[in-house]
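Trainee: Letter by letter, the chains look like this.
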Amino acid sequence: MADVQAWTTPSAGPGRPELRAVPGAGAPKLKVDSLSFYYGKFKALDGVTFDIPEKRITAIIGPSGCGKSTLLRVFNRMYDLVPNSRAVGAVELDGENILSTRKLLELRQRVGMVFQRPSPFPMSIRDNISFAPRLLGWKNDRIRAAVEDSLERAALLDEVKDRLDDPATSLSGGQQQRLAIARCIAVSPEVILMDEPCSALDPIATLKIEDLMATLTRDFTIVIVTHNMQQAARVSDFTAFMLMNPDGRFGELIEFAPTADLFNQPQDQRTEAYITGRFG
Amino acid sequence: MADVQAWTTPSAGPGRPELRAVPGAGAPKLKVDSLSFYYGKFKALDGVTFDIPEKRITAIIGPSGCGKSTLLRVFNRMYDLVPNSRAVGAVELDGENILSTRKLLELRQRVGMVFQRPSPFPMSIRDNISFAPRLLGWKNDRIRAAVEDSLERAALLDEVKDRLDDPATSLSGGQQQRLAIARCIAVSPEVILMDEPCSALDPIATLKIEDLMATLTRDFTIVIVTHNMQQAARVSDFTAFMLMNPDGRFGELIEFAPTADLFNQPQDQRTEAYITGRFG
Amino acid sequence: MPRLTFERELASLREALVRMGTLVESQIEAALDALRRRDGSAAEKVRNEDQYLNELFRQMREQVFMVISTQQPVARDLRYLMGLQWIATELERMGDYAVRIARMTGTLVALPDRPLRAEFGLMGELAIGQVHDILEALIDQNEPRAREVAARDNEIDRLYHRVFEDLVKEMGNGHVDTDGALRSVTLLLVAHNLERISDRVTNVAEDIVFLHSGQVVELG
Amino acid sequence: MPRLTFERELASLREALVRMGTLVESQIEAALDALRRRDGSAAEKVRNEDQYLNELFRQMREQVFMVISTQQPVARDLRYLMGLQWIATELERMGDYAVRIARMTGTLVALPDRPLRAEFGLMGELAIGQVHDILEALIDQNEPRAREVAARDNEIDRLYHRVFEDLVKEMGNGHVDTDGALRSVTLLLVAHNLERISDRVTNVAEDIVFLHSGQVVELG
Amino acid sequence: MAVAGAEARPVAAVSRRPGDPFRRVVGLVATLVPAALLLIILTLLQQAGPAIKQFGLRFLVTSEWNPVTDSFGALPAIFGTVGTAFLALAIALPVGVAVAVILAEPGQTRIRGVLGTGIELLAAIPSVVYGIWALYVLAPWTYEHLEIPISTHAAGIGWLGDPAVRGLLNAALVLAVMILPTLTAISRDVIRAVPRGLKENAIALGATWWETTWRVILPSARAGIFGATILALGRALGETIAVTMVIGNAYVIPHSIFQPAYTLASVVANEFTEATGTIYPAALIELGLVLILVTLVVNVFALILVHSTSREARLTA
Amino acid sequence: MNRNDRRRVSSRAWLGLMYLLTVLALIPLALVLWFTIAKGLPSVIHPQFFFNAELPPCEPKCPAVSGAGVGHAIVGTGVMVGLASLMAIPIGVLCGIYLAEYSIARWSAWVRLACDVLVGTPSIAIGLFVYAFLVVPFHHFSGYSGAVALAILMLPIIARTTEGAVSLIPNGLRESGLALGLPRWRVSLQLILPAAAPGVITGALLAVARAGGETAPLLFTAFGAHLLVLNPNQAMQALPVTVFRYALLPYKSLQAQAWGAALVLIVLVLAINLISRWVLRRQIALAGQL
Ligand SMILES: Nc1ncnc2c1ncn2[C@@H]1O[C@H](COP(=O)(O)OP(=O)(O)OP(=O)(O)O)[C@@H](O)[C@H]1O
Ligand SMILES: Nc1ncnc2c1ncn2[C@@H]1O[C@H](COP(=O)(O)OP(=O)(O)OP(=O)(O)O)[C@@H](O)[C@H]1O
Ligand SMILES: [Mg+2]
Ligand SMILES: [Mg+2]
Ligand SMILES: O=P([O-])([O-])[O-]
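Protein chains in written order, with this note's numbering: chain Y, 126 to 405; chain C, 126 to 405; chain B, 526 to 745; chain H, 526 to 745; chain X, 20 to 336; chain V, -8 to 281.
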């Protein structure tokens, strides 16, 4: 967290920290602006505002039910699957508003997602990765290249290169999750969303994934939701802490800061209570 | 871990550490003696030997598939459910051999178990707890007392006392897990086995359970299997580290020591590699 | 939620630290007492006691390790642990100063007796007072108090410089023999060590400020 | 698996520590140089440089915090971090000694010039050598080397005692004026500080032993 | 800062979502099913028109069936249908659940594999084959070895008297065999779907195999098993051929379960092709309608029950 | 004997009882198979059992003539079930997908209800409907009408089993697909459906087997024929009808034919099962691992 040394003004509670204060953090990739989210009548998010820096790992932590997954699923419009759910406010990906875009498929290719349980498609390892590219009508050689490349980048190639045609389900849990990552980067997205990607894995597989994430930041902007504070601390450059508003019953952003700051000098009482396990 | 200060001779690798060196650890509750376990042809455990001290929390850690759950399920003969599985060696509970006993029901009343996912029975909270007592043909008032008492001890009474007749499934995950614990201590066992009791819970619920365990050690001997090293470190007095033997493909006990020692001065290279995340 | 185990660990650590503190205090007292009474055996005793202090320190450090590695504290908790450890280090060093003073007493006992100048008594009381009060500030987590205690440092400095000049003048006046010179130098070093003790107290004060507010400050 | 982030953190810490070490070394050198050349401004410079050293120390400590709170190290890793931090503390203190020597140089410059006795040069070289070598031992994690370096400590002690006795005699010979006394006392304190530096080196050596073997040892 | 950001946008944009053409297409296709059902009912209503006009509701409660005098009543057929169906269910349900429990036991031992495939084979056998088997094998056998002994022992009990080769009981037995696979297959899947944790927890609490099964597993599977039962019942009600072949085809309300009877379906199957005139066929079609009505009632009733239990089921799942 | 011992014993007893019931349940199967083979085989082994499609003129009074065949019935069943499958399977599968993928839609609730009712609808009634709807207007029985009847019969079965299979697919699969930026229809048809293949296939097979064995809906739609008919626009014979008709005739030889036909029917139905399972085994294996 070399940047963080240079961090000068930690954010005061919610609101957007001065990203430019972080050298090398570059322009914000995702600008979340007073975002509220409704499941029908139920308000799950209220006035969330912060910027997600490019090519950095941003972790979202908070107690269960505070709206982490919801927030994440706004970024690739996954919530469209939920009937009469709606998002109010603005989320900009490189300046264009995600919420109002009608180009859903393109959006989801730009913003990939990795889920809690690795769900390998019921086909061979190779087909798992080439599935989307094929349907997107890529040329065969391009697809072949993509398979190689994404497996390589997902730190999985060595383990599977001589069994690419085995069913993906024959892989171990950790490998399956890395396969999911490979599958997701095969269509070369810009942002990768991860919803508790390790909560179904054992510590070793988890550390493997964490190392992988560290290397992936060279090319991708990563947003990870995790229950595991220590994990957020280990892997992320920035951390957003969310909480369910006790009276309003909706999730809100309590604090957003560079990870090292948040875990050493949290600005908000509630953040401190949570990370030190004195919460609720 | 006040005892641990007084620990003089840490165990050298596998083999049984001198429990008497730990003042107050009392007599070993479970003596595991060169225990091997087979699933049909497959050898899951090999020559495991250590003592589990009474009224202490003993954690079993190790990578996935190293045989933690298997070992745990030997202690209450759960493995009887698995067709043609078999245990060789000796496991003594207060001096009587578990493996050869024919009194399974009695054994399982003395050695309770809490599983990874809390699975409340499809009945009211009250009935969930009175399930076992009823089978044992206790008198009604005794049952009523047991319900109160075990809910109390499971730190759940305050939260549910005025809804004892709601379906148990209406509880939150954390509450369900504490209900499972209450259900298990209702028949006042001597040993409680826990197989990753928190891996399905969020950090807050997890810490609640950990505190609960700390209080339970007053009356019970607790053996907990956990993936989460930090958790083992936080809650347990003793830790056993297991590993899958690379060539033999069977799990064995690498090191057993007071937790604080194991996490500061592991005697075995592999232990150190594992706890520092340098493993495999 | 309270995190029972962790809290218990913290409590026992705090308590261990206080034990160290009181021991240090008594050590310094004993050393100065021996100096005043020119009591070689008492000085000897101070030197042996220090072993116990060091042992306490070792255990304390070890326990801090165990707590950090088993409880993974962060933020305030971690600061608190580290702070306790730093303070322990300072206390251990103060103990060393007490030992040095005792050693010098050993030297002085061998020299012809002379009345001890008042400043030493003053400085001693001041130093002991500082140590005592800083420990109180630590226990009841009273940050302003800590700052105040640290501020008293310059008082001791003033005395130290006075003693220093007087002794130098005395040696400079031309009719001191080797014993006299040795005595003066030794006393000078005693004063020096007392002054160092109060410097340490300042450090402790800084640590206390840190472990409560997380601010790194320069006191004194 | 390597734990990339953590390893990166450790590396940068080690590097920061080495930077501190080299700085300390040059500080001591500069201070002694100023003393030899009776160069007030050079001494002044040493005092200012110390600010930077303290800043390095502050940052280092902060980074250790961040690593512990974000990476939850245990066992060897934790020992290593703590060890680095302790060593940093010692180095910072050594820097303080350099500053004191520089201050005394300030005093001496005001006094009539006299040839500096050879022991000072020797002690200086020895101290600097120790600091330098202990840093090397730290970098290439060479425990025996560290023990060896610590052992050199008594060499300096010997010199220190000789200087001490000589100076006391000199003052005791009956015809020293105040300036002379002041000069002698000051030089005596310079020697004292040099001796303290090598004590610190011993502590560093102990820390090195600890952070590699986990053994707490008493060297020197 | 946040506020400023918010103001920068004139109005907070509400998310728009593009339509889902795929959904419309499959939705349209799916509509064919209700459409078909509606069409069936309407057509039959229209066809049965004359009979309905003539007899009205009396049709349901009168017992006469006389093509010559064109006077028709459905009561005996209704009785036969419902009687056989429920009798069959009473026989098949316990067996089916027992088999399901055995098959759902973990660990694929060979014997269980054999049993499982056996049951699935039962499902694959066409009902008409059951029919002919029942006609030539089952019926005579039960007549000799069940009905006669029972009736002699239970002399005096009216509804257990007067054995006959073809009759209600035999029809019910055949039906029982035919609905057994449906019951077993679904029940087994439901029981398998009960989370393993429940069983393990019960065992770990020192419950025996039976206590676990009876108090934990079956209650959890209740809703599903109920659904299976309804499905089987529907099948039993509509079953035609096998029943036709063994029920004896006597248009009366039998006084004994051994006596011949008739079911709605059988009547239609036997008489429709020979039916002439306007009222006669209309009456037969109305029988078909009644049959649909009965099944409809059963299904709707079931759906209501399932809805009330399924909430609980969802909780227990 | 203390309480726990009593519990142990009763548990054993119940277990024994259940095994007993299971065996009991299999007895009819054994008997049916045994008798069908024992009584059917003799007539099946005559070659003309298949090829001589002539049935002797039975009116006014039937001299017992052996060797009447069932070849035309087999063909008829094949044609009608085939046509029915062509109609029912695609529609049924799509319907099932709709029910599973859009289960939240209000309309799907009604569709589901319709399916349940239609499953429960007696096949005979469906026969009546098709008679009134297709036979009466065209004034003649036909294989087409038979096929339609069977199709209606198969439709709800396929739909519901498909729904079941699809909704068993973990939601993660669906979300993963969509998160890759694939359109909904591709995910549903090219990802979810293959994954659900085993369930869907079993459902389809169940339906086919059921249709193959159905008699009632054919009685007044395909009606039956004495000769080999290939044109579905005419009345057609079907195996079950053959069994039904012959079995009830008071002629030993024809009853023998009925048994033979029954044997053939069973063999056909089982054959469909096994073959299609074998053909699709890889897909089943893959999806089975989900
Ligand atoms: N499809 C939905 N319909 C209605 N409410 C929902 C839906 N999904 C989530 N919610 C509610 O929205 C709130 C936030 O849910 P969300 O899953 O985002 O929380 P979370 O932080 O991800 O929790 P967890 O950490 O357990 O995943 C919760 O109160 C939840 O009950
Ligand atoms: N019922 C079983 N039949 C055959 N092998 C089994 C069975 N259960 C477990 N095993 C094997 O035994 C070994 C140990 O399994 P076990 O579940 O005890 O490991 P574990 O340490 O609990 O793993 P995890 O941490 O993932 O729960 C594994 O290799 C597993 O494949
Ligand atoms: Mg979530
Ligand atoms: Mg396990
Ligand atoms: O096979 P069925 O008797 O229902 O026509």
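If you're looking for bench data, these hints aren't it; they were derived computationally from the structure. In this text, a Cβ means the ideal position worked out from N, Cα and C, and glycines have one as well. Keep in mind that a hint or two might mislead.
As the list claims (entries may be wrong) - Some but not every residue of chain B turned toward chain H, in silico, with C-beta under 8 Å:
(1) Ile593
(2) Leu636
(3) Asp638
(4) Val710
(5) His737
Trainee: Next, verify each hint and record whether it holds.
Mentor: A quick look at each hint next to the structure:
1. Ile593: For B/Ile593, the interface hint holds, since the closest Cβ of chain H sits about 6 Å away, which is under 8 Å.
2. Leu636: At 11 Å from the nearest chain H Cβ, B/Leu636 fails the 8 Å test, so the hint is violated.
3. Asp638: Since chain H brings no Cβ nearer than about 18 Å to B/Asp638, farther than 8 Å, the hint is violated.
4. Val710: holds, 6 Å
5. His737: violated, 15 Å
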